[in-house]
Amino acid sequence: MFFIKKLFSPKDEVVTKDQDLIPDTKEKMSAEFRKRLHYSTDILENQVGSSGITIFSISTLIDKTMFHQDIIDPIKNLSFDSIQNVMEHLSVGEIKQANQMEKVIKSALDGDVIIYLAGETSVLLAKIPSRVGRSLTFAENETHVIGPQIAFNESLITNIALIRNYIKDPDLCVEDFVIGSRTNKSGSILYLSGIASEQMVNTLRQRIDAIKIDGILDSSVLLQLIEDKSLSLFPLMLLTERPDRVCDLLLKGKLAVLVDGSSLAIVCPHSFMEFFQAMEDSNVNWQIGTFYRLLRLIALFFSVFLTAIYVACLTFHYEVIPQTLLVTLSESRARVPFPPIIEALLLEFFLELLREAGARLPTKVGQTMGIVGGIVIGTAAVDAGFTSNILIIIIALAALGSFVTPSYFMGNVIRVLRFPLIILAGFWGFYGIMYGFCFLLLHLLRQSSLGSPYLAPFYPPRFADWKDSIIRLPLSFTYKRPDLSRPENENQYDPIKAKEKN
Amino acid sequence: MKVHYQPKPQSLLSSFLLIFIIQANQVGIGIHGFQRVIFMEAKQDGWISVLVAGFATHIVVFVIIKTLQIYGSTDIYGIHHEVYGKWLGKLFNSLYILYCLWIFLLILKNYIEVLQTWVFPTVPVWLFSFSILLLVIYGVTGGIRMIVGVCFFSIALSLWIFVFIVYPLRYTDFGHLLPVMESSLVPILKGAYKMTLTILGFEILYVIYPYMEKKEKLQKYAHIGVAASNFVYLLLMLLAIGYFSPGQLLSTIWPTLTLFKIVKLPFIERIEYFAVTFWLLIILPNLMLYLWAAVRGVKQSFGISQKKTLWVFATLIFVFSLFINTRIKINRFNDIFASLAFYFTFCYPLVLYAFALLKKKINTYKEQMK
Amino acid sequence: MKKMEWVCIFLSILLICGCAEPKVLDRLGLITTVGYDLGKNGFILGTLVELKIDPNTPKDVVIVESEAQSVRGIVTSANKKTSRRLTSGQLRVIIYGEDMLKQGKTKIAQTLTSDPTISDMTFLAMTDGKARDLLHLKSEHIPDIGIHIFRFMEQNTKIKTMPSSTMQEVLHTHYTVGKEPVMPIINKNDNKGIVFSGVAIFKGAKLVGKINTDQSFYLGLINDKYKSGSKDVVIRSDSPKLKGGHLGSHKTVAALDSIQSSSNIKLINKEKPEFALNLKLSARLLEITSPIDVGNPQNMKLIEKEIGKSMKKDIENLIAYCQSKNSDVFGLGDTYKRTVRHSNLTDEKWYKMYKDAKVNINVDFTVKRTGLNE
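Residue numbers (the numbering used here), protein chains in the order written: chain A, 1 to 502; chain B, 1 to 370; chain C, 1 to 374.
It should be emphasised that the hints constitute simulated quantities derived from the structure, not laboratory data.
Each residue gets a CB set at the ideal place from its N, CA and C atoms; glycine is no exception.
Wrong hints could be hidden among the right ones.
[As the list claims (entries may be wrong)] Looking from chain C toward chain B, a few residues come up when the C-beta cut is under 7 Å (computed):
#, residue
1, Ala20
2, Glu21
3, Pro116
4, Leu171
5, His172
6, Tyr175
7, Ser310
8, Lys313
Build the full structure now, drawing on both the sequences and the hints.
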């Protein structure tokens, strides 16, 4: 763990109270302000007309138009004797007072302008941040055919607004926190009070408070720091870009964490099974939803085990190959120079390369990449006697299987899992596969998400929650919130009334 | 040492999980080949032996829970301590720990033997025992909640096996059962006695008991668990008698696995290869529960840290597993154990119950005197 | 705890260093069919048909012959003659030469079951003459004789023209007291193909007799259940109605199909074994060679009765033949053992009684329908 400790740089020594006071002359203030920001060139110092007011700010962080219209214009022709008077003339929404230099600098970095009047012990902080960022767009990583198409963007305020728009409930709590001794990112914990478990909110709060790190740029990094066990391969909390998904889970009593500058929300606790559920399952009718879920589960099985089974059968257990397949299989294998394990690993490696290249390259090139790769691997490799064509089908099936997983993070895990399983199968055949499976089972059983069992609702068995796990029953049956999030209020809606309507 | 042992509330288990614990711990390596051994004694009435043994198990389970209920929340180590006093109690605890380790070794060895005979004749023993031990250690360090989780999944994930009973059923002639009661009482009882190795596993109740919630319901769930495994045994026994002709059954070492040889699916020709390796999941809870029970015993009676004993025991088992390396040695090992296990699992609980009752009577009498 | 996990993962990887002996599919010679003949000096002559794998070689199947003193030894010594390691995990059919079985060497099958790689669903068959000659059959319609025989047997056992003789079934009856195994006889058909030409009857492990395919139908009728069989029944009847037609006046043939049957054997006399064999058949009458009006219910009754009679006659002949060969393929002894308590029946005891056992046959035949025409 020593390397993580290194990451937590010791927090700068807190400046003693006397040094932290607002200087009483303009020159001293100016010098202090510049010194603390290390004489950056984007420091802006404005002498406003004859009023005796000086405005300090970081020019790159503030909105220039607002600065002139709402701050300079109203006060430039007036004169003030106290800082309180200034406040009355400003038409900015968010104004605070501060009397410590530390706070002043922090808010300057947040996009505040500092309104200073010589001799006063406090200054005014007016928030006029410049809007750097993009507008709301379609969800691109978690696309759905049916359902809202909007995704989060990088602004915390917008993201909270999106959620507030879905859940117009006074019980929706937003708790702020700041993280990173250098990045000073603001973030929020969201939950529905009265539904979400108080104990879990406390745990989450404690975990976030306990983080001592210099900088976090994205919620995916925060996720790694607040997960139950950081050594597990599996994602123990959900990262999603869809506000509707977050709201659905909030209603089930879960907690969400949003970080400014990140377009992904963390939702916890999240169980293994829920990674294979998509919002779309609840947007279509229950039979189709169930079908999708079963499809994904079978895909999961194929994706993880199929290549390994191929390798095991061809390396050790030729007896199990059915007679009808035997001739085709051995004919296509006859020209391949490598043992099955190398053949499979090679092809899997190719496929991973293709996928990674597709993700890294610009979109237009990426598409041609797929076609080229498909042709090269699909036909040329077989013609050259490099691989058997049955393996191509199997690998393609396995790849598809990993892509249908709604969570990108879980999809990654599935793809990575294949490699150790192929190796185990190549060395120990079926025993290796079974060994890998047992290890995975034990591993999953040991995991927890925010203290809740990861394999819920299967173990510990909560039979009532099975109704919305690998299958989805109609809404009139699934009125209870899952036990996973230990909700304070169990019923999502009145079962009797829900049944009447359906 | 305290008699009462109250685990932390978060490690308590729902009482209905006892069904899975008992069933998973009973059904294990034994069901590979118990039919032959019983058939040797009781011929086609072997299924009656299975029923008799099952009935005896119900009685013993009833007594075990009665014994535990005398003391409330405790396990066998606590009871030993209470009943026999400090030193004798420790001796009995050591014997029980030894018993757990022995049965662990037995299961491990028999499974490795099956693996070597059916699938990997050339893979050395140490490799199998080493790899399985690692898995078991990984599981046991996860704590009892996790071990019970494995019990649950091991049963839930092996239900598919029942589907394949349909295949041998087509070749089954239940006429082999006729005439019923051809054997006299003695061979049937002998057959039931031979069930010991297969049917044991319910004695884990002695150790798991303090970890269960709602202790008053345990009696019911324990019996459901035992009944479920009895059903499995009976089914497999009937199937084996019907599927094999007498001579065939006598010469088949693992009738249950041989039953699989007939299954033929469009995509997999020989399911038994998969079934043999799949058994890893079925014996895993057995191994984990017994090792856990042994390790807990050491903690309870000698106060040595669980982690240390775990590694020591694992090393011991690994070393011993290397010495028992031929079929004959394994058979002898099984036979010695079976005769001891019979007294340990079927007779001893009754004795312990009697002692516990006596002790309690004495205690209350003493208190009254005061 | 975290350290533990790493230790476990690390050790697991280490373990992989010890790897199992691989049997890579394309490096193996897969034996699909084996023929066993009697060689010189008590040796067994094995003929192994290897699966044709390489698409580049136009030559057909590889057939390896070798001689050894034990069954397992054949594969070992044949290995000296091939480029791929011979394995019997995909073995489908075992064919015995007649002389081999006359010696009583079905023990071979028992030896094979102790090998876990050999499936219990392997078919056993016999051939008149040498198995070697059958497997060396070359015909342009048969690219792979091994697979051809397997498909041939699979197809015929499925529709039950051939008694099913998988290893499991043969050994099952072999080990049963009071029941003997049977095996189909497969022969060359004029060097062009193969043909199912009869059923071999055993006593213990020894070949004692053969019955033709016609009688094999009746054997199936007694031992098994038909769900959709078909059969031409020769009616030998004195009734004038059933005479004439293109076969002349001495016999009439009825073509039956969709035959459904069930049989039931009961012991009715313990002291002097006497059995009642009840057969229930129903079928569709597709063709009858005499000019009889099948639309007439009375005629139908007659036909049913006569067919039943002819069948009964044939079955009686079959049983008499088997009794003369001292082979109880019907499992009469097994029935005896099941019914009589504490009989402690052994093969010896039974065969003293079997010769004089009486079987009362009762055939109950009904015509269900007559196809599209009446």
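Hints and how they fare:
no. : hint   : result
1   : Ala20  : 5 Å, holds
2   : Glu21  : 4 Å, holds
3   : Pro116 : 5 Å, holds
4   : Leu171 : 6 Å, holds
5   : His172 : 5 Å, holds
6   : Tyr175 : 3 Å, holds
7   : Ser310 : 30 Å, violated
8   : Lys313 : 28 Å, violated
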